[in-house]
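The listed protein sequences correspond, in order, to chains R and S.
The first sequence begins at 15 in the numbering used here and counts up one residue at a time.
The second sequence begins at 15 in the numbering used here and counts up one residue at a time.
A couple of the hints might just be wrong.
[Unchecked claim] Short derived list, chain S residues pointing at chain R, Cβ under 8 Å:
#  : residue
1  : V43
2  : A47
3  : L50
4  : K56
5  : V57
6  : T61
7  : L64
8  : L66
9  : D140
10 : R165
11 : G167
12 : Q169
13 : I226
14 : P289
15 : E290
[What the hints assert, rightly or not] Mimicking DSSO-like on lysine-lysine, the simulated pairs with C-alpha atoms at most 30 Å apart in a straight line are:
#  : chain 1 : residue 1 : chain 2 : residue 2
16 : S       : K329      : S       : K297
17 : R       : K262      : R       : K297
18 : R       : K195      : R       : K123
19 : R       : K253      : R       : K191
20 : R       : K16       : R       : K297
21 : R       : K56       : S       : K56
22 : R       : K16       : R       : K123
23 : R       : K37       : S       : K297
24 : S       : K16       : S       : K119
25 : R       : K192      : R       : K297
26 : S       : K56       : R       : K37
27 : R       : K56       : S       : K37
Hint data in this document are derived by calculation from the structure and do not stem from the laboratory.
All residues carry an ideal CB built from backbone N, CA and C; glycine is no exception.
Number of protein chains: 2
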Amino acid sequence: MKLSEIGEFGLIKAISATTGKGKGVVMGVGDDAAVLTSSPDKVFLITTDLLLEGVHFSLEFTDYHSLGRKAAGVNLSDIAACGGKPTAFLVSLAIPPETDAASVKALYKGMVEQARTYGVSLVGGDTSRGETLMISVTFIGEVEERNCVYRHGAQEGDRIFVTGTLGDSALGLKMLKKGVKEGDPVRRHLDPTPRVREGGEIARRGLATAMIDISDGLIADLGHILEASGVGAEIHLPKLPLSASYRKHINAYYKNPYLLALAGGEDYELLFTAPEGRPEAIKKLADELGTPITMIGEIVEASSEVTIVGPDGRKFPVEQRGHDHFKT
Amino acid sequence: MKLSEIGEFGLIKAISATTGKGKGVVMGVGDDAAVLTSSPDKVFLITTDLLLEGVHFSLEFTDYHSLGRKAAGVNLSDIAACGGKPTAFLVSLAIPPETDAASVKALYKGMVEQARTYGVSLVGGDTSRGETLMISVTFIGEVEERNCVYRHGAQEGDRIFVTGTLGDSALGLKMLKKGVKEGDPVRRHLDPTPRVREGGEIARRGLATAMIDISDGLIADLGHILEASGVGAEIHLPKLPLSASYRKHINAYYKNPYLLALAGGEDYELLFTAPEGRPEAIKKLADELGTPITMIGEIVEASSEVTIVGPDGRKFPVEQRGHDHFKT
Numbered sequence: 015m016k017l018s019e020i021g022e023f024g025l026i027k028a029i030s031a032t033t034g035k036g037k038g039v040v041m042g043v044g045d046d047a048a049v050l051t052s053s054p055d056k057v058f059l060i061t062t063d064l065l066l067e068g069v070h071f072s073l074e075f076t077d078y079h080s081l082g083r084k085a086a087g088v089n090l091s092d093i094a095a096c097g098g099k100p101t102a103f104l105v106s107l108a109i110p111p112e113t114d115a116a117s118v119k120a121l122y123k124g125m126v127e128q129a130r131t132y133g134v135s136l137v138g139g140d141t142s143r144g145e146t147l148m149i150s151v152t153f154i155g156e157v158e159e160r161n162c163v164y165r166h167g168a169q170e171g172d173r174i175f176v177t178g179t180l181g182d183s184a185l186g187l188k189m190l191k192k193g194v195k196e197g198d199p200v201r202r203h204l205d206p207t208p209r210v211r212e213g214g215e216i217a218r219r220g221l222a223t224a225m226i227d228i229s230d231g232l233i234a235d236l237g238h239i240l241e242a243s244g245v246g247a248e249i250h251l252p253k254l255p256l257s258a259s260y261r262k263h264i265n266a267y268y269k270n271p272y273l274l275a276l277a278g279g280e281d282y283e284l285l286f287t288a289p290e291g292r293p294e295a296i297k298k299l300a301d302e303l304g305t306p307i308t309m310i311g312e313i314v315e316a317s318s319e320v321t322i323v324g325p326d327g328r329k330f331p332v333e334q335r336g337h338d339h340f341k342t
Numbered sequence: 015m016k017l018s019e020i021g022e023f024g025l026i027k028a029i030s031a032t033t034g035k036g037k038g039v040v041m042g043v044g045d046d047a048a049v050l051t052s053s054p055d056k057v058f059l060i061t062t063d064l065l066l067e068g069v070h071f072s073l074e075f076t077d078y079h080s081l082g083r084k085a086a087g088v089n090l091s092d093i094a095a096c097g098g099k100p101t102a103f104l105v106s107l108a109i110p111p112e113t114d115a116a117s118v119k120a121l122y123k124g125m126v127e128q129a130r131t132y133g134v135s136l137v138g139g140d141t142s143r144g145e146t147l148m149i150s151v152t153f154i155g156e157v158e159e160r161n162c163v164y165r166h167g168a169q170e171g172d173r174i175f176v177t178g179t180l181g182d183s184a185l186g187l188k189m190l191k192k193g194v195k196e197g198d199p200v201r202r203h204l205d206p207t208p209r210v211r212e213g214g215e216i217a218r219r220g221l222a223t224a225m226i227d228i229s230d231g232l233i234a235d236l237g238h239i240l241e242a243s244g245v246g247a248e249i250h251l252p253k254l255p256l257s258a259s260y261r262k263h264i265n266a267y268y269k270n271p272y273l274l275a276l277a278g279g280e281d282y283e284l285l286f287t288a289p290e291g292r293p294e295a296i297k298k299l300a301d302e303l304g305t306p307i308t309m310i311g312e313i314v315e316a317s318s319e320v321t322i323v324g325p326d327g328r329k330f331p332v333e334q335r336g337h338d339h340f341k342t
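The shape of chain R in the complex, shown without the other chains:
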């Protein structure tokens, strides 16, 4: 059945059925605003991301359920990057009226399912018809103020760490564009895992001086930390954590096996800096959570630049070139 047949109120009714009243939710979907309790001694985190068909995703590659999981996941990743615990979320959708109602329900189901993994419920949003699918997700979280991790705390001598592996998502997108529809990199691209538990523990244990999630690629996001902190960085190429399936497939796409790990986007891993003496505590955390955390370089004196150190010890500076949505 098309959305134009069940109508806006039918859709809202279907959505409301998927929402639960979570902890801290006084009033969820169904009033002028959602009403949430705030925890004493905690600060409140709020982040929002826009996903547009044809810009951020293609319905050729993703199904609606995965798209929903990813839309929630990328926002959860931002909460994780501050060391926060997610508490609630809102979704606004613009949808072409000829869309199947079942597809829209699968989209919500994906979002709600992803959020529920972290005990979070949908508390509000808005819907409208639109020419193309547009998803605007807003996540709310909380953290003790003294544990909140920003981008601006990195200091000379700090070590640089990254969770998980790099480049898989960008490789997955390349594979999808070549017609490959399966495999780990493809899954990583379509349904990335936000590092919510990792970010929360890194913050709670006071391990990081600065943290960000990798959405635009390692180099670009490290650049945000460097700019905010007024420091430079050296990244050791051979230390970059590459997954087995990345190593297996990358040669079919690129001569340089490090390129996508350095500059590919949408890994949604956490990148953080920590003082020199903490690798043991970080190793302990990695073991406890079962998530690899790898030291990939160090913070150097003020320059806001990234220098890559190759396998042979040769250094070469990197020109910053983030993706610009308005330039082509």
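Place chain S on chain R using the hints.
This is chain S only, laid out in the frame that chain R set:
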């Protein structure tokens, strides 16, 4: 200069320059999430609205600055309807790359200016290119939990009140469509005033049992209160507050002078119910704020229906027909 020339980062820089670090803002634009302090003993309100070109507005009728003011205003209206005090907001925009950068700046300036009237600053958001202009605004507010006003508290015997005047915005839209570009109704349509102070005082003084803002039209929004509260309502047609300019122009558009006041949308006035004994306290509030507040009817036994009482005392029930974004 086109947006495609200044680019996303140029735009973000221009936006950041318009944002201030307001009260309660630990970290605004520029990190993974905005960080806000929460007030002890208060609950947290959050609301979001989507405005799409061709659906919610036409660039033929509005300039970017007014559009910005309205995008912030309609969200402020939702915070007001809960009796809340707005504290911060986020904006996500999808913008065609060929848009003038000056237009986008005017849009932000309008939003920031509207928000600043209430001491609120922009703390985050997202931007992307898109085929048509899309504005997703999220407002945050706070209120003491015992003062928060919902839709579900109306009781039989309560009187029904409305702030300001009704129908002006819908009439203004009619006028715009006929090529009329000036006059009070047009201004009311393009740049409605959210009743933030009124909502806050109604809540603080404990005057209302239920409240909502009128975005879909009096009948439709009253319907939401009735449904949530499990009651019915009678509205006295001759009591509807109509502005002088509405009375002056309405005859050129409709035979029935009450139609737009009953069913026209986007008034962004507050509609609330109050126990029988409170008209004096409400009159005092209206006098203090200089805002008309008019009693237009009363809550009757359970039925979820609105009955209109005409000038001659004749009653006729109203069929609920809210605007559906997906049906045509």
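Hint check:
1. About 11 Å separates the beta-carbon of V43 of chain S from the nearest beta-carbon of chain R, more than 8 Å, and the hint is not met.
2. Of the supplied interface hints, the one on A47 of chain S holds, with its beta-carbon coming within about 4 Å of a beta-carbon of chain R, less than 8 Å.
3. For the restraint placing L50 of chain S at the interface with chain R, the shortest Cβ-Cβ distance is roughly 4 Å, inside the 8 Å limit, so the hint holds.
4. Proximity of K56 of chain S to chain R holds as hinted, the smallest CB-CB distance being about 7 Å (cut-off 8 Å).
5. Given the 8 Å rule on beta carbons, the hint for V57 of chain S holds: about 5 Å separates it from the nearest Cβ of chain R.
6. A hinted interface residue such as T61 of chain S counts as satisfied when its beta carbon comes closer than 8 Å to some beta carbon of chain R; here the least separation is about 4 Å, so the hint holds.
7. Evaluation of the L64 of chain S hint against chain R yields a held restraint, the C-beta minimum of about 4 Å falling below 8 Å.
8. Look at L66 of chain S: its Cβ gets to within about 6 Å of chain R, closer than 8 Å, so that hint holds up.
9. Among the interface hints, the one on D140 of chain S holds; its C-beta lies about 4 Å from the nearest C-beta in chain R, closer than the 8 Å criterion.
10. Satisfaction of the interface hint for R165 of chain S is found here, the shortest Cβ-Cβ separation to chain R being roughly 5 Å, below the 8 Å cut-off.
11. Below 8 Å, beta-carbon pairs count as interface contacts, and G167 of chain S has none with chain R, the closest being about 11 Å; its hint is therefore violated.
12. For Q169 of chain S, the shortest C-beta to C-beta distance to chain R is roughly 17 Å, which exceeds 8 Å, and the interface hint is violated.
13. Hint status for I226 of chain S relative to chain R: holds, with the closest Cβ pair at about 6 Å, below 8 Å.
14. Against a cut-off of 8 Å between C-beta atoms, the interface hint on P289 of chain S is violated, since the closest Cβ of chain R lies about 20 Å away.
15. The interface hint given for E290 of chain S is violated, since its Cβ lies 24 Å from the closest Cβ of chain R, which is over the 8 Å cut-off.
16. The hinted pair formed by K329 of chain S and K297 of chain S meets the criterion: a straight-line CA distance of about 27 Å does not exceed 30 Å.
17. Only pairs whose Cα atoms come within 30 Å are accepted, and K262 of chain R paired with K297 of chain R is accepted, the gap being roughly 26 Å.
18. A threshold of 30 Å between alpha carbons decides the hint, and for K195 of chain R with K123 of chain R the separation of about 22 Å falls inside it, so the pair holds.
19. The straight-line distance between the Cα atoms of K253 of chain R and K191 of chain R is roughly 28 Å, inside the 30 Å bound, and the hint therefore holds.
20. Taking the CA atoms of K16 of chain R and K297 of chain R, the gap is near 51 Å; set against the 30 Å cutoff, the hint is violated.
21. Straight-line distance between C-alpha atoms of K56 of chain R and K56 of chain S comes to about 13 Å, which keeps the hinted pair within the 30 Å bound.
22. For the hint pairing K16 of chain R with K123 of chain R, the CA-to-CA distance comes to about 17 Å; that is within 30 Å, so the pair holds.
23. Between K37 of chain R and K297 of chain S the CA atoms are separated by roughly 39 Å; this puts the pair beyond 30 Å, and the hint is violated.
24. Straight-line distance between C-alpha atoms of K16 of chain S and K119 of chain S comes to about 12 Å, which keeps the hinted pair within the 30 Å bound.
25. Pair hint K192 of chain R plus K297 of chain R does not hold up; C-alpha atoms about 38 Å apart against a cutoff of 30 Å.
26. The hinted pair formed by K56 of chain S and K37 of chain R meets the criterion: a straight-line CA distance of about 16 Å does not exceed 30 Å.
27. A threshold of 30 Å between alpha carbons decides the hint, and for K56 of chain R with K37 of chain S the separation of about 16 Å falls inside it, so the pair holds.
When the structure is compared with the earlier hints, violations turn up for hints 1, 11, 12, 14, 15, 20, 23 and 25 and for no others.
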